[in-house]
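There are 4 protein chains.
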Amino acid sequence: MIVVLEPNTSKEELQHIARWIEDKYSVKIHLSRGENLTILGLVGNTSNVDAEQLEANEKIKTVINVAEPFKKANRLFHPDSSEIQVGDRTIGGEKLAIIAGPCSVESEEQIVDVAKSVQKSGAGFLRGGAFKPRTSPYAFQGLKYEGLELLKEAKKITGLPIVTELMSERDLDVFVEDVDVIQIGTRNMQNFELLKELGKIDKPILLKRGMSATVEEFLMSAEYIMAGGNEKVILCERGIRTFETYTRNTLDLSIIPAIKKLSHLPIVIDPSHATGKWWMVESLSKAAIAAGADGLIIEVHNNPEEALCDGQQSLKPTGFDDLMIELKKIAKIVERDI
Amino acid sequence: MIVVLEPNTSKEELQHIARWIEDKYSVKIHLSRGENLTILGLVGNTSNVDAEQLEANEKIKTVINVAEPFKKANRLFHPDSSEIQVGDRTIGGEKLAIIAGPCSVESEEQIVDVAKSVQKSGAGFLRGGAFKPRTSPYAFQGLKYEGLELLKEAKKITGLPIVTELMSERDLDVFVEDVDVIQIGTRNMQNFELLKELGKIDKPILLKRGMSATVEEFLMSAEYIMAGGNEKVILCERGIRTFETYTRNTLDLSIIPAIKKLSHLPIVIDPSHATGKWWMVESLSKAAIAAGADGLIIEVHNNPEEALCDGQQSLKPTGFDDLMIELKKIAKIVERDI
Amino acid sequence: MIVVLEPNTSKEELQHIARWIEDKYSVKIHLSRGENLTILGLVGNTSNVDAEQLEANEKIKTVINVAEPFKKANRLFHPDSSEIQVGDRTIGGEKLAIIAGPCSVESEEQIVDVAKSVQKSGAGFLRGGAFKPRTSPYAFQGLKYEGLELLKEAKKITGLPIVTELMSERDLDVFVEDVDVIQIGTRNMQNFELLKELGKIDKPILLKRGMSATVEEFLMSAEYIMAGGNEKVILCERGIRTFETYTRNTLDLSIIPAIKKLSHLPIVIDPSHATGKWWMVESLSKAAIAAGADGLIIEVHNNPEEALCDGQQSLKPTGFDDLMIELKKIAKIVERDI
Amino acid sequence: MIVVLEPNTSKEELQHIARWIEDKYSVKIHLSRGENLTILGLVGNTSNVDAEQLEANEKIKTVINVAEPFKKANRLFHPDSSEIQVGDRTIGGEKLAIIAGPCSVESEEQIVDVAKSVQKSGAGFLRGGAFKPRTSPYAFQGLKYEGLELLKEAKKITGLPIVTELMSERDLDVFVEDVDVIQIGTRNMQNFELLKELGKIDKPILLKRGMSATVEEFLMSAEYIMAGGNEKVILCERGIRTFETYTRNTLDLSIIPAIKKLSHLPIVIDPSHATGKWWMVESLSKAAIAAGADGLIIEVHNNPEEALCDGQQSLKPTGFDDLMIELKKIAKIVERDI
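Protein chains in written order, with the working numbering: chain A, 28 to 365; chain B, 28 to 365; chain C, 28 to 365; chain D, 28 to 365.
Only true hints are included.
Identical copies look the same in the list; a pair holds intra-copy or inter-copy alike.
Computed cross-link-like contacts, DSS-like style, restricted to lysine-lysine with a CA-CA straight-line distance of at most 30 angstroms:
| id | residue 1 | residue 2 |
| --- | --- | --- |
| 1 | Lys86 | Lys288 |
| 2 | Lys288 | Lys343 |
| 3 | Lys304 | Lys359 |
| 4 | Lys359 | Lys147 |
| 5 | Lys343 | Lys51 |
| 6 | Lys55 | Lys304 |
| 7 | Lys230 | Lys183 |
| 8 | Lys143 | Lys51 |
Hints listed in this document are in silico derivations from the structure and should not be mistaken for laboratory results. This one's a predicted model, so the numbers in the text were calculated from it and none came from an experiment.
Just need the whole structure built from these sequences, with the hints factored in.
This is the structure in C-alpha cells:
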C-alpha cells in the first residue's frame, strides 16, 4: 500500500504521520522523497489498513492499494482453476456449461417442453425464473413457489439440474432444498446481507456481475460468499451499463481473460440479457466460447411472442439447436467440449 | 405506446400484428404508414402492454413507451409537491431538511458529541450508520443493534430524528420501532423484495439512487414502495457511476429540476458520498441548495482521521458550522429556510 | 417521426402546432389522442424535420425519430455487404483483413523487420503510426513525414498495403499519395471538417469509433464521408469508455451484429487499444472473428519493452504467429479465410 | 512513479529491471519488498519515464503515476488563480463572465437583437456559432464566414466581445483577426494538431471538456495549448456522457472544486448543452455560481421555436433577464459580482 503526501507537508508532519501509521497498523514504512512528492510505502500485513481512514488526513493526498483486496477468490493463492461440482456435472472444467431455458417459468407444459428441447440440443443445465426482478411493480413477478415446483417437475423428466434466481434471504431454505445452482441477479450483487447468508450454505452460487460493478468489486462480492465458507461460486458476466442505448447493456467479454488471470473461479456469459436482442445471441455466444468462457446462459422460449417476460431476447428451440451445432465446432478449436 | 414495424413487413403481416395487439391488450390502433416505416400508435389503457413481449415478434423493430411508467410518483396525477411528515418536522416543504452525522456510529461519546454539535449548527436530523454496506467482507460492518441503541440515546438528548440504513428485511421490525426515517442504500435501490416490504409499513423511506440507475428507474423504485401503500418516500441523489475517477462518483444535480418536473416527491442531495472528498462538500452543498434541493445529507465526524469508515469524506464540526452559515444565505435567495 | 405533446396542451394549441409542422415541413400528420398523451405521427419525407427545433416548443414534450438518420451507410438501401478495394486486396469479403504492425514507426530496421514477420504469419496489411495522438504534449509524437517514408520502404519490400493515421487536413495530400488506407483515430471521429475533406478523395478510410460514440453517431460519421462522395469506409471498433478501469477501454463486440444489421459497411476490431494489455489480445481476437468481424488490427512490435509507445499492448512476432494459427481455425468455422 | 512487479518475479529479474530503469531514465530506485508484492519507487525527474513502455515488460504488473502529468496548468507551480484578459474585461477574477447568445448566428437582425437584449440583462460576452459541428451532414452547418461578419456587426453595436467556435486549423487566421475568444468544442478537445496551433497564437481559448474526458485529460489538453506558449486558457464544463438519457449529457459540477484545487485556470459552466433542456438552465446556472464557477455560457434565442439549431435548450430573452436577477443575488453570497 502506498501513501502519497500533499506537496506542502512539512518534515515534522511527515514524521508524525509515518509514526502514526506504523503504530496503528503494525507495518513498516519505506520513505521515498521526490522533488514535489513524498511517498510512503507500507510493508508488512496491510490487509487491515483502511485507505479511506488514511485519506481523511488533510496531509494525505491519496492512498493507492497495489495488492488485490480479494484473497479466497485470488488465483495468486490458488493457482489451479476451480471446478464447481453440481450434482454429477462440473462447471469450470474441460466441459462447457450450457445453461438454457426461458426467462420465466410460465406453465408445466412450457417448462417441460423447453427443458426437453434444450436437453436434446445438448444443454447441461435448465434455467428458468420463478421469482422475477422486474423494474415495474405492475409487471408479472413470476410464479414463485409454484414456479419452483414446475422446475422440479422438468428436472424429474430431463435430469437437468436447475439454475434459478433467489431474490430474498427469506426463501433461502426452500432454494437450498429445491435448486441445484442458486442464481444471484445483477441487482443483488452487492446485497451484502444476502451474500453473507449464501456464505453459510453448501450450494453452488451463480453470481451475476452488477450492472455497474468493476471487476474488482465483482470479485469482492464473490469473496463475501467465500469468506463465509462457501467456495462454490460461479461468476457470470451479463453486460454492463454504458452510454450505448442500442443494446440493453454492453457485453464485456474482456472480463474473460481478466478473470482467468485474477481468479480461479469459473466464468460464464449471458448474451441474452447483455444485448436484449435474440438476433445478437448467436454471434456473441460464439465469441464468448472463442474467448475462453466456461459456459453460457441462454434464454430459450418455445413461443417468445407470448413469453411473459424478455421474449425479445429469447431464441426459439430450433435457433438454439442450430447455435449448439456451431458452438461445438468452436469449443473444439479452444480445446473444450460441450 | 408506439410500435415500429420492420421495413420488410407485408400488408398481411401488418394486419395480423395489429389485430393480435388489439385483441390481446384491448387497445385501439392508429396506423401511420410512411415510405419506409410503418408505425402503430396504441391508444387506450396501455399500462399493461408489455413492450418486451411485443419486441419478441420478428416483424417488430422497436417499441417506444411515450407515457411515464410510474403513476403514484408522477406529478401529472399529483400536481402539488409532497411534504413528508417526520415526527414534528417535514421534508419537502419550505424548510430544508439538513441531515448530518457520522458515516458509522462508533461509540456513545462519538454519536452524542456529533449529534449535539450538528444540532447546534442547525441540522434538523441525525444520520449515522449502524449497519454498514462495505465492499470488503473484511472491513468494519457497523455496530449493528448496539449502534441503533446509541442513536436512540443521541436522539433522547438532542431530539433529532434518526435517519439510518436498513440492509435486510430481517431487521424491518426493529427499524420501524427505533428509527424515524429508514434509509435504503444505493446498492439496494432495486432490491425489489425489500421495496415491497417497505410498501407495507407506515414510515418515511429515504431512497438513495442506484449507482447506475436512470431517473426513470429511480422513480420506478419509489413506485414499488408507493404501490404497496407507503407514499412517504424521500428521494436522495448520491452520485452516479461514470468514467471519471477523480471523484468517487459523479454528482448529478440536474436530477433536481428533473424530479421537480416528473414527480411530487422531495429530493435531497448527498455530496459526501457523491464526491468522496470532504473538501468538495462545501461547494456542492451550496450548489444543491441553489438548484432547488429539498435538503442535504452530510457526513460530519468529530475526528475524521480515526473514523471507522469514510473519514476522507467527513467534515469536522467546525467546518459543518461554517457551511451552515453559508447555506442559510443561499436558502434565503431561493426562498427556503433552514 | 413522432411528436409527443405535453399533457396540458389545449385543443387549440394542438391544432396550431399540427398546422405549423405541416406547413413548415410539408408532411402529413396522423393524430393519436390517448387519455393523458397526444401523439402526432409525421408521415412523408421527414429527413429535414429538425427534432431539436420542435422540442423548443413549450407544448412539445419530446420528439422521437424512428427512422435511422443515416442513408448511404444504411443497409436498408444497400442490402449487400460492401467490399472495399485496397490495391489488389479487399476488406469486407470472405477473406478477413488482418492489419498488423507497431504502434509507432521508429526506425527502418524496426518497421521492415515487423513488416516481414507479420507478412510471414499471414497478415494482409501493415499498420504503423507516423503521426501519433498522445495525451501529453511532452510524449513522443511520431516520426511524422520520415515515418511515412519508412512505411513506404517496408511496403516496397513486403508488398503490404499501408494503414496509418491522419491527424490533420494539412497532411491530406501527402496521405493520398503515400498511404493505402487512411486511418482516422477515435479522437477525430467527430472532427467534422476533416470528415468532409475525406469525402472528397478516392481512398479507403478506416474510421475508428469515438471513445464515447453510440452506434448511431459512429454511422453518422461514416455518413459524413460518404455524403461527400467517398463510399470506401471501413469501420473499426477499438473499445469504448466505461466506468471499468481494469482495461483501458471496454471492447464492445456486440457492435459486430449491430453493424451487420444496420449497415453494409465492413467492420474490423482493434483488441490492442481496446484492452491496453497484450495478454488479452489473443482471447479477444478469437472472439472477434467468431462473432463475425471482417478483420482485426493488432499491434505487433519486435521489442515491446523498448517501444516508443503502447508497448504494453503489443504482441511479439512469435506471439502473433501463434495467434494467427488459432485464428485460421476459427475463421474456417465461420466460413471466412485469412 | 511507482512500479509494481508481478508476484513471481525472481531476485535476478528484479535487479535486472531496477538497473534497466535506473540507466534508461536516470532515476534512483527505492525498493519495498512485501510478502507478495515488490514495489519500486522511482525518485528523481520522472517526467520522461514512459509508464506504457514499462508495462510492456512481462514482469511488471502495473505502473502508477502519482504526480500530475500537467505542469503549466498545475496550481502547484502557479498558486494564484489566473485571470485571462479579453479586451477590457477579465475572466477568472471577482467579476463573473456571463457569455450569452444563440446557438447559431442566423441573420443580422437575430444576432443584433439577441446581443442587445443579453447586454441589457448584464451579459459581458456574446456567443453565437458561425461554424456548427452537427452530428448529421444533412443538418444546417452554420453561416460560416458570413456568420463571423454578423457577429462583428453585433459587437460594433453592443461592444460585447465575441466568443465563437473554431472547427478547423484552416480558419485560424480569420479567427485570430475577428474573434475575441476562440471556442474549441467538445469533439475537438483532443484534436491535438489543432491544439498545437492554438499554442502558437496570442488569443484566449475557451476549451470545452470532451464528452468523455477525465479531469486529467481535460487539463492535459489545456497543457497542449500552454506548452506551445499560449497560457490564456479558459476551461468549460458542458456535461459528460453517462448512461442517463433523460438529459442530453450529465453536468458535472464537482469539476469546479476539482479544477480550483488542481489548476489555476478559470472554469465556466455551460448548462444549456449539458442538459439540452431550456427549463433546466435556471436551476443549474444558480448551482454553478453557488459552487464557485468563474462564469456561465448560456444559449439565448429571441425565437427558439424557429432556431436553426438547439432551440430546445435556449432561453428566451425575458427568461434570461429573470435568471440574471437571481444570479446576481447568488453571486453576492459567494463574494463575486456580475
